[in-house]
Each structure stands twice: as structure tokens, then as C-alpha cells.
Amino acid sequence: MKFSTFTVRDWVYVAVFGALWGALEMTLGAYLHVLFPPIANTFFTGLIMAGIGVAIALVGRYFVPRPGAVLSIGIITTLLKVLSLGGMKIGPVVAILAEAILMELAFLSKTPPTRWRYVLAGTLAVGWNFFHKFVMMRLLYGKGITEVYLKMVKDGSQALGLDIGYAVAIIGVLFLFRVAVGAAAGWLAWRLGRLVARRIA
Amino acid sequence: MTSLGAQLNSGSYLCFLLWTLLLVALLPDGRQWLLLVIVVAFGWLSGRAVFQVLASRRFWLFILSILAMSPFVLGEADIRWGMLRLSWTGLETGLWMAVRAATLMLAFSVSLGALSVAQMVRLFDRLRLRGLGFALGVALNLGPVLRDVVEAAYHTLRLRGGFRRPARNARLFLITVIANGLRYGDDVVKAALARAFDPAAKLPQTSRFLGQADKAFIVGLAAVGVGLLL
Chain A
0 MKFSTFTVRD
10 WVYVAVFGAL
20 WGALEMTLGA
30 YLHVLFPPIA
40 NTFFTGLIMA
50 GIGVAIALVG
60 RYFVPRPGAV
70 LSIGIITTLL
80 KVLSLGGMKI
90 GPVVAILAEA
100 ILMELAFLSK
110 TPPTRWRYVL
120 AGTLAVGWNF
130 FHKFVMMRLL
140 YGKGITEVYL
150 KMVKDGSQAL
160 GLDIGYAVAI
170 IGVLFLFRVA
180 VGAAAGWLAW
190 RLGRLVARRI
200 A
Chain B
0 MTSLGAQLNS
10 GSYLCFLLWT
20 LLLVALLPDG
30 RQWLLLVIVV
40 AFGWLSGRAV
50 FQVLASRRFW
60 LFILSILAMS
70 PFVLGEADIR
80 WGMLRLSWTG
90 LETGLWMAVR
100 AATLMLAFSV
110 SLGALSVAQM
120 VRLFDRLRLR
130 GLGFALGVAL
140 NLGPVLRDVV
150 EAAYHTLRLR
160 GGFRRPARNA
170 RLFLITVIAN
180 GLRYGDDVVK
190 AALARAFDPA
200 AKLPQTSRFL
210 GQADKAFIVG
220 LAAVGVGLLL
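Here the protein sequences come in this chain order: A and B. Its first residue numbered 0, the first sequence is counted upward by one per residue in numbering that gives the first Met the number 0. Its first residue numbered 0, the second sequence is counted upward by one per residue in numbering that gives the first Met the number 0.
Worth double-checking, as some hints may not be accurate.
Keeping only pairs whose Cα atoms sit at most 25 Å apart, straight-line, the calculated SDA-like set for lysine to any residue is [stated by the list, open to error]:
id, chain 1, residue 1, chain 2, residue 2
1, A, K153, A, G171
2, A, K132, B, W95
3, A, K132, B, L66
4, A, K150, A, D162
5, A, K132, B, V98
6, A, K1, B, E75
7, B, K189, A, R193
8, A, K132, B, V72
9, A, K132, A, P112
10, A, K150, B, P27
11, A, K153, B, R146
12, A, K150, B, M82
13, A, K1, B, G136
14, A, K150, B, R194
15, A, K132, B, L122
16, A, K132, B, L63
17, A, K1, B, F196
18, B, K189, B, R146
19, A, K150, B, R79
20, A, K150, B, T88
21, A, K1, B, L139
22, A, K1, B, R79
23, A, K1, B, L122
24, A, K132, B, G210
25, A, K1, A, M25
26, A, K150, B, D28
27, A, K150, B, L63
28, A, K1, B, G10
29, A, K150, B, L122
30, A, K132, B, R146
31, A, K132, B, L26
32, A, K1, B, L192
Label pairs and their calculated CB-CB ranges [what the hints assert, rightly or not]:
id, chain 1, residue 1, chain 2, residue 2, range
33, A, R114, B, R164, 22 to 28 Å
34, B, L85, A, K153, 15 to 21 Å
35, A, G164, B, A151, 52 to 58 Å
36, A, I47, B, R164, 21 to 27 Å
37, A, S108, B, R84, 47 to 53 Å
38, B, D185, A, D162, 43 to 49 Å
39, B, R56, A, P111, 49 to 55 Å
40, A, A200, B, F71, 38 to 44 Å
Bear in mind the hints are in silico, worked out from the structure with no lab data behind them. All residues carry an ideal CB built from backbone N, CA and C; glycine is no exception.
Work out the full structure: start from the sequences and follow the hints.
This is the structure in C-alpha cells:
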């Protein structure tokens, strides 16, 4: 990852996509976090924000096709979130950085990125939403993996209308749901990137 | 008395933040309040950021909401009145959750609040990431432009009957916002190039990342951290 190879245009585009993702986090993100209190189930808040944010960052990767571009967009978004009037919120900051790192991992290969690489990047990034809860519950609330797992199964059984005995199936469905949203975000980003490129050409 | 903040550089604040994150994750519940006391004390010694947070309504609303909700949603129920449930274990868990949350919020405010935007940009320069500092500056000033772009795109689509076909127009909306954002970006590129801005240029270092006082502070932090964990 060589940031010295970035041109002025690359950095400005990083700023544009970082600002877009940041603006989304500060408006829609703040609104959803007010709607869903901190210790209530934040499944949808995280999923909606991750899905849209990841799509924006991946469109950014389409216009700055260099290693480190998505990570830079994530860092700019994080700093905007930190400096925003809404103040410091640890959960979204950790999530944005983790998603940016995971998207960057998907673009590590030296072959030119394809639609499927975008789908992989989206899947990895939104898939983080599943593990985010375990990390944040440990960090913020001091809860162990077992407690988070049990609460997730309990909430999942209510949301999906499945018996609590099908714990593995519930966890699997919850994870696959995130994978599907991530894949759709990646697919959409590739398509949106091409459409925008055609528009500004 | 010279404040501690005047003697420390940005490296110390970032180390303090990482140190707090690590200890919040590793310390058992019973010792979390010690960490909170240390964070408040450091905030007090290094400036006034900690008092601004402690005086804010939003901070107390967040902390008290955790405390208020925890007996109803956490732990095994001890008392039940129909749909309503109360748990003493839940209240205890909520108390420790509130202490952790307060520690983290204060640590973030003390460390990142100590850095202004200009200091952050200088920090990126110091870390040889001048382009990232430049991007941060551009992104911070893009807010009003993006708001105008979003408003113009929204009203144009609405006046052309965009709400009748929401999916197609959501796509058009996104394309318009991103394309106009990039067009504005091109103007910024022209302005930066006209001023011969070079993101890879090496600048003379005017501010330090870590000095002698910072090194001593970090060693002290490590010692206190080990002491708390043992």
C-alpha cells in the first residue's frame, strides 16, 4: 500500500467519498441511533448503515483504483464522524474502520478488480456487522461471547419466528442475511460506479 | 502550574486512547471504576475537555439511559408485573456497562478533543501522510456543497415526478449526487494544482509526535496498566 503514488485527484476523490459516507453517518446514522437506544437490538441500524456506507466506499474504489483507497475513505469517514456535532460514538467508529479494512483486504490481489471482487468486498465488510456485536459487547459492556450468543439466538428466534432450539440455524440465517446485504451492496457499487463514470465522461 | 497537556504531544494522546481501549476490554468489572478515575484525572490535568463532556446533557442522557433500561432488558427477572420485568443482576450489569461507556466516551473526548483539525492535518504530515491530511481538509469543507448537491438533485427529481417510480429515481438520485460531487472535486483538483500542491512532498517537521515527556508518560501508562491488571 503506497500512499505516495496517489495523485491530487485521487486524494480529492477520497475526500468526496469519505464526505459522502460521513454525511450519511451523521444524518441517517445519528437518526437511527436515536430511534434505537444503545442497548436495544441494533441489528437494522448497523445493517442499513453498513450496506449503504459500503456501497459508497466501493464506488469510491471504482474511481480511485489504488491499494489503500478504501482504507483512506474509511479513515476520512471516521474522522468526520469523530469531529461531528453529534460527538464521539465508539460503535460506529469501530464499525467503519473494520469495514474499510475488510474491503481493503478483498482488493489485495494484483489482478484488476472485477464485479465479483466488489461483491466479495461488500460481503466481507457487511459480514463484520455480525461479529461487531461480539466485539462491542465485550469492549463496551464487558459481556462474554456466550452471553452475546444467547441474546442473539433469543432475539433471532423472536424476529424469525423460529423455536429457540434451532440455535445454529438462527445464527446461520442472521449471518447469511448480512452476507446477502453485503453482496448486494458490492454488486450495486460496481453498477453504480460504471453508471457514474459514463455520466461524467 | 503548567498543564500536562502543554508538555505532551499528539502521540501521547493517541497512546492514552489505545491504552484505555485495551484496559476497558481486559479489566474485570470490579476494577473498571479505577480506570474511570484515571481517565477523569488525566482529562483534568491535560485541559478542560473532560469537564465539557461531564457538563453535557447528551453524556448524562446516554449513561442514565443505560442504567434505566438495564433492569428491564438484562439478566434473569427477579420481579414480574405482567409484561414488566425487573432484574437486580440486570441493574448491576447496567452499572458496569455505564462505567465502561463513560470511561470510553471521556477517553475519546480527552484524546481526540485535544487535537484540532489543524493538529490532525499536521499529525498526518508528520506520519508522511500529507495527502490524507489534505483529503481530511477537503472533506470537512465539502459538507455544505454536498448538502446543496443533495437538495438540488432531490427537488429536481421530485418536480419531475420522481416519487412515482421510487426505485428508478433512487438510482438516478445517487448517480446525480455522486457525479456532481466528483465534478466539484475536479474544481478542487484544479485549484490545488494551480497552487502547485504536491501530496508526496516532504515538509520540514515543525511539531513533534513524541518527545521526552511523552516517552516518560507512555512508560508510566504501561506501568499503571500492568498494575491494574495484576
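Quiz item: If you draw a straight line from the CA of K189 (chain B) to the CA of R146 (chain B), is it 25 Å or shorter?
Solution: Given that 25 Å is the threshold and the Cα spacing comes to 22 Å, the pair holds.
Quiz item: Taken at face value, is the distance from the CA of G210 (chain B) to the CA of K132 (chain A) at most 25 Å?
Solution: Not OK: K132 (chain A) and G210 (chain B) at ~38 Å, beyond 25 Å, violated.
Quiz item: Taking only the CA atoms, is the gap from K153 (chain A) to G171 (chain A) under or equal to 25 Å?
Solution: Satisfied, since the Cα-Cα distance of roughly 14 Å is no more than 25 Å.
Practice problem: Please work out if K1 (chain A) and L192 (chain B) have their alpha carbons no farther apart than 25 Å. | Solution: Distance ~21 Å between K1 (chain A) and L192 (chain B) Cα, so the pair holds.
Quiz item: Taking only the CA atoms, is the gap from K132 (chain A) to L63 (chain B) under or equal to 25 Å?
Solution: holds, 21 Å
Quiz prompt | 25 Å Cα cutoff - pair K1 (chain A), R79 (chain B) | solution = violated, 60 Å
Quiz prompt | Range hint 22 to 28 Å (beta carbons of R114 (chain A) and R164 (chain B)) holds or violated | solution = holds, 25 Å
Quiz item: Is it true that the CA of K150 (chain A) sits at most 25 Å from the CA of R194 (chain B)?
Solution: violated, 57 Å
Quiz item: When you take the CB atoms of D185 (chain B) and D162 (chain A), is the distance between them in 43 to 49 Å?
Solution: Distance hint for D185 (chain B), D162 (chain A) is violated at roughly 57 Å.
Quiz item: When you check the alpha-carbon spacing of K1 (chain A) and F196 (chain B), does it fall within 25 Å?
Solution: Distance ~19 Å between K1 (chain A) and F196 (chain B) Cα, so the pair holds.
Quiz item: Are the Cα atoms of K150 (chain A) and L122 (chain B) separated by 25 Å or less?
Solution: Violated - the C-alpha atoms of L122 (chain B) and K150 (chain A) are around 42 Å apart, more than 25 Å.
Quiz item: Hey, K132 (chain A) versus L122 (chain B), does the alpha-carbon distance stay inside 25 Å?
Solution: The hint is violated at about 31 Å.
Against the hints set out earlier in the document, violations occur for numbers 6, 9, 11, 14, 15, 22, 24, 25, 29, 30, 38 and 40.
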